[in-house]
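Enquirer: Protein chains in written order, with the numbering used here: chain G, 1 to 734; chain P, 1 to 238; chain S, 1 to 230; chain R, 1 to 411.
Quick caveat, the hints were computed from the structure, so don't treat them as lab data.
Worth double-checking, as some hints may not be accurate.
[Claimed, not checked] Now the in silico label distances, taken between C-beta atoms and shown as ranges:
1) S:183 / G:564: 55 to 63 Å
2) S:94 / G:123: 50 to 58 Å
3) G:546 / S:169: 31 to 39 Å
[Unchecked claim] Okay, derived cross-link-like pairs now, SDA-like style, lysine to any residue, Cα gap no bigger than 20 Å in a straight line:
4) S:230 / S:151
5) S:172 / S:124
6) G:66 / S:122
7) G:66 / S:118
8) G:66 / P:160
9) R:310 / R:63
10) P:158 / S:151
11) P:200 / P:160
12) S:151 / S:104
13) S:172 / G:42
14) P:158 / S:226
15) P:224 / G:240
16) G:66 / P:90
17) G:66 / P:129
18) S:172 / P:136
19) S:230 / P:200
20) S:230 / P:132
21) P:158 / S:221
22) G:371 / G:305
23) S:230 / G:46
24) S:179 / P:155
25) S:179 / G:46
26) P:158 / P:195
27) S:179 / S:151
28) P:123 / G:697
29) R:161 / R:128
30) P:158 / G:47
31) P:200 / P:161
32) S:230 / G:697
33) S:172 / P:59
Think of the CB as a built atom: it goes at the ideal place given N, C-alpha and C, for glycine as much as any other residue.
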Amino acid sequence: MKRRDFLKNTVVTGTAGVLFDACAPPGSDQIIPILIPEEEFIPGVEEFHPTNCVECPGGCGLLARKMDGRLVKIEGNPAHPISRGASCARGQALPQAMYHPDRVRGPLIREGARGAGQWRNVSWDDAIERLVSELAAVQEDPNNTLAFLTGALRGHRLDMVRRFTSTLEATRHLVHEPFGDGAVLRAHALTTGVEEFFAYDLENANYLVTVGASVLDASRSPVRFGRGVGHLRQGRPGRRGKLVAVQPRLSTTAAAADEWLPARPGSEASLVLALAHVILRDELYDTGFIENRTSGFEEFRARVLADFDPELVAGMAGVSVETLERVATEMAMYGPTIVVAGDAAVTGPRGLGTAVAVDHLNALLGGFGKKGGIFFNQDPPFSEWPSLETVVPAPEALFANLTKESDASSGIRALLISDTNPVHTLPSSAGIDSFLSEIPFVACFTSFVDDTAQMADLILPESTPFERFDDDVPSPSVGIPVATLSAPMFSRPLYDTMSMPDVLLRVAAGLGGTVAEAFPWASYEEALRAAWSGLHAASRGSVAESTERRFWTRALAAGGWWDEDVALNADCLTSDGLYRFELPALESIGLDMTAAGDTSRFTLYVYPSTAFGDGRSAHLPFLQELADPMTSVRWGSVVELNASTASELNISDGDLVEITSDTGSLRVRAQVTQGLRPDVVALSAGQGHGEYGRYARGRGVNPFSLLQATTGSDLSEAPLQATTVRIIKIEETS
Amino acid sequence: MPTWGMSIDLDRCDGCEACVVACRAENNVAPAGPEQAAIGRAVEWMRVERHVEGEFPNVRTRFVPVLCVHCDDAPCVSVCPVSATYENPEGLNAQIHPRCIGTRACAQACPYTVRYFNWGTPKWDAPLEQTINPDVAVRWKGIMEKCTFCVQRIRRAKDEAREDDRPIADGDVQPACAQACPAEAIVFGDLDDPESAVSKLSESPRAERPLEELGTGPRVFYLKEGDWRGSVGPQSSD
Amino acid sequence: MLRPRHGLSDLIFIVRNKSRSNEFLLSFDGKCCKVLHQYCIGWLARAIAVAISGSVVNSSMTREYSTRQLLPSLILLLLGCMLFTGCSKAGASPDQPIAFSHRIHVENQIDCSYCHDYYEDYDVAGMPPVATCVDCHSLMFEEEPTADLEKIFEFADAGTEIPWVRLYELPKYTHFSHKWHVRAELDCQTCHGDIGTSDRAVQHMVYNMDWCMTCHEEQAASVDCLTCHK
Amino acid sequence: MLLAVIAFGGFQWAHQLKEGLIVAGMNQPVYWGLYLTNYVFFIGISHAGTLISAILRLTDAEWRRPITRAAEAITVFALLMGTSNVLWHLGRPELIYIPMLHPQPLSPLIWDVACISVYLMGSITYLYLPLIPDLALLRDRSPRLRWLYRWLSLGWQGTPKQHKLLERAIGFMAVAIIPIAVSVHTVVSWVFAMTLVPMWHSAIFGPYFVVGAIFSGIAALLIAMAILRKAFHLEPFFRPIHFNNLGLLMLTMACLWLYFTFAEHMTVWYGNEPDEVAVLNSRLSGAFSTPFWTMITCCFVIPLCILSFKRTRTIIGTVIASCAVLIGMWLERFIIVISSASYPRSEFMHDGGLYSPALVEIALTAAQFACFALLYIVFAKLFPLVSIWEIKEGDQTELEAELTGTAEARL
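Construct the complete structure from the given sequences, taking the supplied hints into account.
Expert: Next up, the structure:
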């Protein structure tokens with residue numbers, strides 16, 4: 001019978017196919033694969049190489065597991081004070097960044113129009129030659145300026161850039177970091193004189209209040225805060241701390257919290273001051289601290305008692321008076337208490353006010369310098385690089401402002417970009433596209449052709465942390481001086497890549513003159529050693545060795561240097577050394593927020609994604625495949641709506657909706673939730689890349705395209721919860 | 001001979017999903033890709049389930065990391081017609097890939113839904129296959145796979161212990177998930193050793209074994225969320 | 001507890017394996033090997049082997065094989081031979097890039113560990129890089145240069161390794177530690193046959209689970225699946 | 001026509017073999033889909049013949065004589081179709097023989113393999129034995145294929161001794177086949193009932209499945225009879241009385257089936273165990289409500305309305321009812337397999353995908369029904385679908401010429 005024959009064949013071929021898949025193992029019949037000439041390794045024997053994580057400000061120290069000459073896994077460095085052997089989802093996915101199929105494998109020069117994505121491979125010599133000539137050209141005309149745009153760099157990468165920008169004539173160092181928490185730093189500076197993230201002694205705290213800051217998912221240091229909160233909860237037998245989250249959306253942090261206060265966006269500052277009001281009214285504050293170590297308390301008390309009665313605030317914030325009273329009392333009674341501000345809450349017009357109010361609340365509770373309280377970072381005693389008679393550099397400025405300046409780009413002839421992706425994470429209204437297009441020469445240091453690199457003329461492929469020398473000073477830290485150090489774990493990079501500082505060294509040499517003199521090192525490694533010699537000289541801390549050479553090797557092997565024995569300190573660096581109850585910053589805060597008049601408009605709340613942060617991890621398949629902790633969405637994005645809102649708009653789970661703001665609109669599937677204020681819709685940052693490798697390209701939507709760029713502010717470039725949007729249903733779920 | 005078990009402290013767990021990716025990376029679990037993941041074919045030996053109760057603003061949420069609980073009396077073992085899944089002397093419920101014929105009976109029988117099927121051939125876009133962990137087999141299409149309690153790490157730990165000829169100590173073995181967890185919510189060890197951290201935790205009043213009523217005898221147990229009572233009393237800044 | 005007894009075995013081995021047990025199979029052996037050398041291809045060989053090993057493994061405890069058990073195997077085997085052409089590497093002795101003689105090296109009192117330097121300390125025995133060859137041979141002025149010796153230096157100069165063709169390969173889903181097998185004081189011959197006394201490397205046998213299990217049981221080594229399966 | 005459908009099915013299967021089950025619609029947690037549904041369904045159908053004819057034979061119901069063979073044929077082919085589903089269902093069909101080589105006796109699937117293979121053997125013999133005398137008849141009368149009939153009829157001469165022997169054998173088989181048949185479907189049900197899955201883990205699953213099986217079996221038989229009656233002009237043999245009686249039998253079964261269904265769901269509803277109730281709700285009002293209520297209508301309402309009244313219990317009526325029942329029973333299998341699988345213990349599976357069959361599954365299902373029909377027709381072409389000698393035996397006055405005439409007319 002025909003059918004039988006036919007089937008028999010299909011069976012056999014099919015079977016063969018199945019078996020082929022089944023039995024086909026990676027590797028060939030040759031024995032060569034287990035013999036790598038340069039890198040001797042023993043099959044089946046694991047090596048661990050210390051390295052550092054650059055995905056988020058956390059600055060974890062990691063161990064890279066190397067087997068059969070390949071990087072196969074990331075683990076936390078058990079000795080490292082920040083990670084303590086743990087790591088987050090993003091850290092775990094890092095090996096995929098190194099072996100990503102779409103990595104830039106060599107320097108590229110643009111062919112054809114900008115953004116067309118046509119590139120020509122060139123050698124490093126040619127690339128650097130091009131770079132040098134462009135920069136030299138810029139230097140010739142005094143009206144020209146050169147701009148170096150970076151993310152929030154840390155460690156000596158930052159120092160290299162600063163040194164570079166300050167040695168070159170008319171050069172500006174611009175910074176762009178979508179979730180930079182600039183306001184928090186400014187607030188710290190105003191109140192304590194320390195312009196750095198505080199170190200929190202979570203392990204010994206009993207009460208933690210986060211104002212906007214999703215400390216457990218994406219912002220700052222999820223690993224450090226995760227460990228801290230875990231310890232605060234169950235680390236001490238018979239003593240369980242409490243976590244309270246103040247934010248409009250039930251984030252992973254709020255979900256993990258014991259109590260969630262869904263305050264109206266923008267009302268956080270008032271809410272915090274209302275808590276302060278209760279504490280002041282009932283005189284629950286830490287008198288000792290207030291009297292001896294603060295200034296301007298009376299004015300502050302007067303202001304708060306006068307203006308921020310819970311009765312008034314409650315209505316505006318949408319949190320009941322009882323709750324405010326209770327939480328305030330608990331904070332005072334069951335301390336030590338820590339209050340942390342961050343993310344959306346510290347952006348926009350009231351951002352700085354919120355951050356300052358939070359500092360004041362901490363001060364009221366006497367949190368500074370107390371066990372289970374707040375301490376200040378201590379910098380590792382690096383030795384200074386040879387000082388140089390510099391042209392005074394223009395202060396670091398926010399990128400967004402520059403793009404808005406009328407004749408912004410006119411002066412700028414060349415732009416170098418590193419460790420940031422403004423085209424993706426700047427509000428489109430900031431006019432970044434036109435800005436870039438007006439600049440004659442744009443060069444990008446990057447491992448991937450992302451949204452920004454797509455607009456560049458020259459792409460200088462960056463090595464991954466596993467292929468380069470690097471160091472890092474984590475911030476927020478844990479109060480002790482910590483410096484992370486990582487060395488390449490391969491004898492040569494996987495591809496023809498070079499790390500940014502090394503490129504700068506070669507460019508400097510190329511430019512010659514004072515610039516060359518400013519960079520007397522042959523390699524970034526040398527530069528690092530020069531700086532790290534200071535740690536050796538200090539002869540304390542985790543690595544103490546007789547000779548500088550042995551110190552260096554030990555430090556490389558240990559993955560860094562830290563000093564656990566140093567005494568924690570919280571001495572304010574203000575003029576009088578006292579904590580300053582700064583008032584002017586609170587002016588912006590009022591109770592003028594009435595219920596939104598136009599009920600058809602909702603506040604758009606943009607938050608960093610657990611898996612992608614601001615989007616820089618979106619190119620890794622492991623993270624794209626990861627179901628979001630709160631929305632369970634994979635490989636895309638959803639907009640969250642409160643159930644009641646959804647029913648009003650007759651939107652149900654999975655419907656396609658259109659979100660329109662004054663500056664743009666986008667279409668995305670809706671997800672109905674109970675974990676969100678009815679007057680708010682929430683979109684996660686990170687997705688919606690136009691260009692960032694095959695896994696990120698065209699996945700989900702980018703909320704930044706809806707935001708209204710703030711100008712003038714030198715603290716944040718986009719208000720993450722001040723934009724209002726309309727929502728209409730486009731189509732039913734299928 | 002140890003009996004391996006795990007405790008997961010739901011009070012510490014904050015749903016960061018570090019364990020999920022750590023498990024993927026350690027055990028060569030290939031991403032299913034957007035299309036397949038969308039129709040429920042994503043493989044996650046370790047996944048974090050979310051339970052949201054209540055209505056705005058009084059919402060309570062629990063994160064529950066779910067992995068194979070390595071039952072003492074496993075429903076999956078008895079239904080397999082070819083004994084491709086079995087319980088080893090150390091209490092691991094193992095899937096022997098070359099033996100599996102893909103009836104998926106075990107998956108259907110598992111009350112925890114933690115057994116995964118290779119619907120198609122796992123894909124690694126070159127050169128991503130470079131990240132494959134040589135200690136763990138790469139599965140192929142048509143077979144089941146599941147959490148192994150990182151048996152390859154157990155094997156290594158034993159090897160080292162045997163090398164310097166000592167018994168394997170508590171903490172020698174850490175599965176990828178436990179190792180990655182920032183909140184230190186996951187503790188792994190020998191349930192037979194009364195001194196091991198995990199068996200101490202198993203005594204905790206907060207300890208509850210998932211679906212114990214089914215008589216599966218899970219070796220993974222959860223420490224349920226504690227409630228905050230102001231019981232600690234006013235703290236002096238000691 | 002039920003212990004699965006089944007492995008992807010290789011055809012030839014089963015046949016030879018039987019050849020050791022009684023002579024009915026010897027003739028069978030002869031035929032098959034010929035057939036295979038002419039026709040059989042790796043993957044299908046495995047497919048068939050599954051069937052055969054199945055019927056073999058059934059009685060792996062009593063090492064006897066009845067005609068009845070072999071019948072399905074034979075049918076499958078022939079089917080395979082008819083459908084596919086190619087050549088099985090199993091049991092064969094492929095031409096190596098260099099005619100290397102273990103005998104000579106052994107006779108010169110060169111210890112296994114000199115070339116296979118991981119064999120008693122690690123999971124793999126290890127293969128010598130070309131450098132190791134050069135080290136010795138460049139010192140032996142009195143040995144008359146042969147074509148093969150020249151090749152060594154050619155490879156060395158080209159900076160490439162010698163592409164030895166692999167004789168023994170375990171499935172990727174098994175974990176094997178050379179170290180512990182050496183420390184268990186097994187003779188090299190048990191697994192590698194008379195390699196030490198031969199001029200040409202011939203695959204002594206193809207390891208299949210049946211064979212491993214038998215030895216493990218005799219030696220009272222662990223027979224838990226997870227000992228070897230990963 | 002049929003061949004085309006089958007060929008397409010085969011092609012789809014080849015595709016599935018190459019790509020793996022990724023081309024099918026199943027997912028996590030619905031690991032079992034259409035293939036298992038068909039498997040259970042066809043095995044159910046298979047109860048038509050053997051069980052019915054055996055029971056009737058033992059109870060010596062005279063009216064059964066013409067219909068027994070038609071029934072037994074259904075059994076054999078349905079079984080073949082049913083078991084073939086295992087091939088599509090397995091992740092690695094190339095290893096399908098392993099369960100025979102290294103069975104794991106604790107597994108219900110192994111019990112299944114055992115029972116069904118026995119049942120298949122049994123029912124083939126049971127189909128074959130009564131066929132022998134007719135084969136002999138054909139050997140002597142048929143114009144062609146005599147060699148085949150000669151070979152098959154094993155030199156039957158119709159001597160009293162042979163008759164005695166045959167009667168004994170048939171009698172024995174009839175007795176033996178009933179427990180086997182019952183056991184088969186019980187075991188099939190145990191494949192589900194032995195798990196802890198909500199609404200599978202139920203004690204009455206065994207009898208429930210058996211009843212359902214007989215129910216659908218009768219329906220299949222009725223339809224087959226009706227078609228053959230038209231196709232081969234068997235009006236003299238398949239008389240309204242048969243349809244009437246079988247109709248009544250089916251009615252009883254319908255009531256019995258409803259009783260079981262009700263009992264099954266009642267206990268769950270009253271027990272109110274959250275995970276089980278989740279499944280129940282999905283059937284009563286949720287994702288599976290449409291198939292569920294269709295099933296109730298097809299399996300009970302329609303048969304009841306048609307079959308309770310003598311006036312409507314005509315041939316047409318019974319056939320309509322039977323079609324309804326077949327659809328209903330298929331839906332029942334579908335609901336049982338899929339709905340339970342779709343709602344695992346909530347605490348551990350939050351976002352499970354709902355199941356919708358893919359092209360390959362539908363194609364293969366169609367191919368099976370086509371193949372079933374094809375086999376049946378071929379069988380009908382080659383062998384007398386009416387047990388000539390039994391009828392003879394039953395009614396001596398019947399004119400032999402007429403029989404053989406029709407027989408020859410057919411060949």
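Enquirer: Taken at face value, is the distance from the CA of residue 305 of chain G to the CA of residue 371 of chain G at most 20 Å?
Expert: Between residue 371 of chain G and residue 305 of chain G the Cα gap is close to 29 Å, so the pair fails against 20 Å, i.e. violated.
Enquirer: Quick one, are residue 172 of chain S and residue 59 of chain P close enough, alpha carbons at most 20 Å?
Expert: Since the Cα atoms of residue 172 of chain S and residue 59 of chain P sit roughly 49 Å apart, the hinted pair is violated (cutoff 20 Å).
Enquirer: For the pair we were handed, residue 230 of chain S and residue 132 of chain P, check the Cα-Cα distance against 20 Å.
Expert: holds (14 Å)
Enquirer: Check whether the Cα positions of residue 310 of chain R and residue 63 of chain R lie no farther apart than 20 Å.
Expert: holds (18 Å)
Enquirer: Just to be careful, I want the Cα atoms of residue 66 of chain G and residue 129 of chain P compared with a cutoff of 20 Å; is the pair within it?
Expert: This hinted pair holds, its Cα atoms lying about 14 Å apart.
Enquirer: Are the Cα positions of residue 172 of chain S and residue 136 of chain P separated by 20 Å at most?
Expert: holds (9 Å)
Enquirer: Please verify whether residue 172 of chain S and residue 42 of chain G have alpha carbons no more than 20 Å apart.
Expert: holds (17 Å)
Enquirer: Check whether the Cα positions of residue 123 of chain P and residue 697 of chain G lie no farther apart than 20 Å.
Expert: This hinted pair holds, its Cα atoms lying about 19 Å apart.
Enquirer: Does the Cβ-Cβ separation between residue 94 of chain S and residue 123 of chain G fall within 50 to 58 Å?
Expert: violated (42 Å)
Enquirer: For the pair we were handed, residue 230 of chain S and residue 697 of chain G, check the Cα-Cα distance against 20 Å.
Expert: With a Cα-Cα distance of about 36 Å, the restraint between residue 230 of chain S and residue 697 of chain G is violated, given a limit of 20 Å.
Enquirer: For residue 151 of chain S and residue 104 of chain S, compute the direct alpha-carbon distance and say whether it is at most 20 Å.
Expert: holds (18 Å)
Enquirer: Check whether the Cα positions of residue 158 of chain P and residue 47 of chain G lie no farther apart than 20 Å.
Expert: holds (18 Å)
Hint violations for this structure: numbers 1, 2, 3, 4, 10, 11, 16, 19, 22, 27, 31, 32 and 33, all remaining hints satisfied.
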